[in-house]
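In order, the protein sequences belong to chains A, B and C. FYI, full-length UniProt numbering numbers position 83 of the first sequence as 83, with every residue one higher than the one before it. FYI, full-length UniProt numbering numbers position 144 of the second sequence as 144, with every residue one higher than the one before it. FYI, full-length UniProt numbering numbers position 117 of the third sequence as 117, with every residue one higher than the one before it.
You may find that some hints are simply not true.
For identical chains, the list gives no copy identity; a pair is met inside one copy or between any two copies.
[Said to hold, decoys possible] Listed next, the in silico SDA-like pairs over lysine to any residue satisfying Cα-Cα at most 20 Å (straight line):
1. Lys200 with Glu84
2. Lys200 with Arg25
3. Lys200 with Pro56
4. Lys200 with Ser85
5. Lys200 with Leu165
6. Lys200 with Gln114
7. Lys200 with Pro115
Read the hints as simulated data drawn from the structure, not as lab findings.
Given next are the chains, with one letter for each unit.
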Amino acid sequence: MSLLSFLDYASVAIFALTGALVASRAQLDIVGFAFIACLTAVGGGTLRDVMLDRNPLFWMGNPNYILIACAAALLIFFTAHLVESRYRWLLWLDSFALAVAVPAGVGAAIQMHQPALIVVLMGVVTGCMGGLMRDVVVGEVPLVLRQGELYVSAAFAGALAGVILSTLIAPGPALLACAGVTWAMRAGSLLFGWRLPVYKARPPKN
Amino acid sequence: MSLLSFLDYASVAIFALTGALVASRAQLDIVGFAFIACLTAVGGGTLRDVMLDRNPLFWMGNPNYILIACAAALLIFFTAHLVESRYRWLLWLDSFALAVAVPAGVGAAIQMHQPALIVVLMGVVTGCMGGLMRDVVVGEVPLVLRQGELYVSAAFAGALAGVILSTLIAPGPALLACAGVTWAMRAGSLLFGWRLPVYKARPPKN
Amino acid sequence: MSLLSFLDYASVAIFALTGALVASRAQLDIVGFAFIACLTAVGGGTLRDVMLDRNPLFWMGNPNYILIACAAALLIFFTAHLVESRYRWLLWLDSFALAVAVPAGVGAAIQMHQPALIVVLMGVVTGCMGGLMRDVVVGEVPLVLRQGELYVSAAFAGALAGVILSTLIAPGPALLACAGVTWAMRAGSLLFGWRLPVYKARPPKN
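Throw the hints in and build the complete structure from the sequences for me.
See below:
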């Protein structure tokens with residue numbers, strides 16, 4: 001299996017787990033779990049493929065992606081009650097999903113010889129949009145927009161690192177570095193509160 | 001008119017009625033009614049066509065779909081105040097829309113010789129995503145996610161029945177059976193509380 | 001630069017400003033500003049291009065669109081605290097963005113020789129959907145749906161004027177008239193409360 005397929009599979013599997021965890025918080029039935037899991041798992045990559053006009057969509061030519069997402073939904077349906085804090089699991093699984101989805105998007109765009117700016121954007125789209133759809137559909141505040149956390153910034157920095165390194169070293173290590181940078185920044189934000197300055201309105205003058 | 005066109009038209013018309021009912025609950029003007037009606041009516045099928053790379057989109061080659069959706073919006077604008085409970089009408093119209101949209105998606109995918117898994121998914125997407133867009137845009141809890149009801153499950157079971165039967169009997173009756181199964185399950189859920197077990201977190205240990 | 005490119009650029013720049021203003025209300029960091037700015041700026045046009053199967057998407061062949069949107073995000077990040085009422089700026093900038101995005105959509109569809117109904121719809125989609133995505137993602141009530149205001153109606157009237165005039169006069173003036181009608185109606189609604197009758201449920205009989 002190529003590194004790119006591996007990243008695609010890993011991103012589908014882990015995003016599906018996060019989707020199913022969100023479904024567990026909304027107390028859906030097993031088909032509802034599978035629905036949100038699939039939406040989250042293939043949402044970002046589908047948007048990337050539609051934007052790049054890739055045909056067929058990555059999960060259409062190969063049933064394994066959907067089957068993996070459904071297996072992840074099943075797993076969570078029967079085990080989520082065993083964990084102490086589902087929200088902490090959600091945050092951390094989501095950070096891993098982000099860290100593999102960004103290089104999956106970057107790699108797919110590089111393979112299609114897109115210019116550097118588009119490659120970076122496809123990394124961000126693939127990484128962030130599946131989770132965004134998941135959160136919007138169930139009506140939660142998107143993780144992407146949680147104030148004072150690195151999320152889009154982590155995806156952006158990772159994608160940028162991937163693009164720059166891919167001109168210097170082999171594509172494989174460049175994609176691994178992309179994953180590493182993305183995850184390190186996201187994890188640093190969760191663990192140590194790393195953040196960029198956020199916009200603060202000046203208090204009203206009087 | 002082929003059965004498939006009939007299902008497409010019926011799904012557009014009925015989903016448009018549900019969109020207009022939602023617009024009446026949000027007290028929009030007549031153009032707002034038409035906007036939400038069109039979004040709901042063609043949303044699921046548009047996503048299906050984009051995913052399957054069908055060109056042009058089903059409503060682009062033929063103005064009747066949009067005109068029907070606008071007529072439905074007009075009808076509701078002038079009559080919705082006559083009914084006792086708009087929400088009950090919404091629920092039941094939505095169940096009929098689901099029951100015709102699922103076989104419309106299944107039929108379109110079969111016609112393009114997609115594998116069985118993709119056919120089932122296209123049935124679910126066509127059935128569920130228009131209503132989901134409607135509910136997300138106006139900020140209501142999506143019907144798709146109402147706890148303890150069969151919705152995605154009904155679409156999934158209907159699509160599965162349609163795919164299996166289409167290998168055994170003529171496509172027409174298979175699509176009708178798909179519609180029947182979908183509606184029976186959704187209606188059974190609304191009338192008799194049919195449901196699948198939902199996820200229940202174990203209560204905290206201490 | 002052709003009028004159509006100018007409209008595209010203006011719509012991207014102004015919608016990006018509105019996206020960044022919304023990001024400032026959500027207190028995001030600079031990358032979050034750029035994310036929401038880009039989503040708002042290219043959202044409507046991307047949907048139009050996907051529906052019309054235009055390839056590549058308008059912003060993919062030309063990096064300037066994304067760079068302009070990021071510059072707008074940067075500008076707002078450092079200046080938004082200077083204005084008295086960010087919400088009023090949002091409303092008015094959004095009205096200008098609508099007024100240039102509608103003719104951009106109309107012009108693109110006319111250039112592809114689409115029938116009149118599709119041209120009108122593409123004007124409405126290009127004008128309304130970017131702002132709709134912006135508002136849905138951050139969880140605000142979409143401007144599109146604000147009760148008792150002309151918004152979709154303004155886009156619809158402008159697009160209709162553009163289509164009709166384009167059969168009578170040169171395309172350039174027709175697009176300018178389209179922009180003028182759209183903005184006049186939207187501004188009239190904001191300034192003078194112009195509105196269409198909204199749906200009012202009859203009070204319950206007893």
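Comparing the hints with the structure gives:
Taking identical chains as interchangeable, the C-alpha atoms of Lys200 and Glu84 lie at most 20 Å apart only when they sit on different chains, with a minimum of 14 Å there against 35 Å within one chain. Taking CA atoms no more than 20 Å apart as the test, Lys200 paired with Arg25 passes between copies only; the shortest distance there is 9 Å, against 32 Å inside one copy. Taking CA atoms no more than 20 Å apart as the test, Lys200 paired with Pro56 passes in neither setting, with 44 Å inside one copy and 38 Å between copies. Taking CA atoms no more than 20 Å apart as the test, Lys200 paired with Ser85 passes between copies only; the shortest distance there is 14 Å, against 32 Å inside one copy.
Neither within a single protomer nor between protomers do Lys200 and Leu165 lie at most 20 Å apart by alpha-carbon distance, with minima of 34 Å and 46 Å respectively. In this assembly of identical chains, the alpha carbons of Lys200 and Gln114 never lie at most 20 Å apart, being 36 Å within a copy and 46 Å across copies at closest. For a Cα distance limit of 20 Å, the shortest separation of Lys200 from Pro115 qualifies neither inside one copy, at 34 Å, nor across copies, at 48 Å.
When held up to the earlier numbered hints, the structure conflicts with 3, 5, 6 and 7 and fits the remainder.
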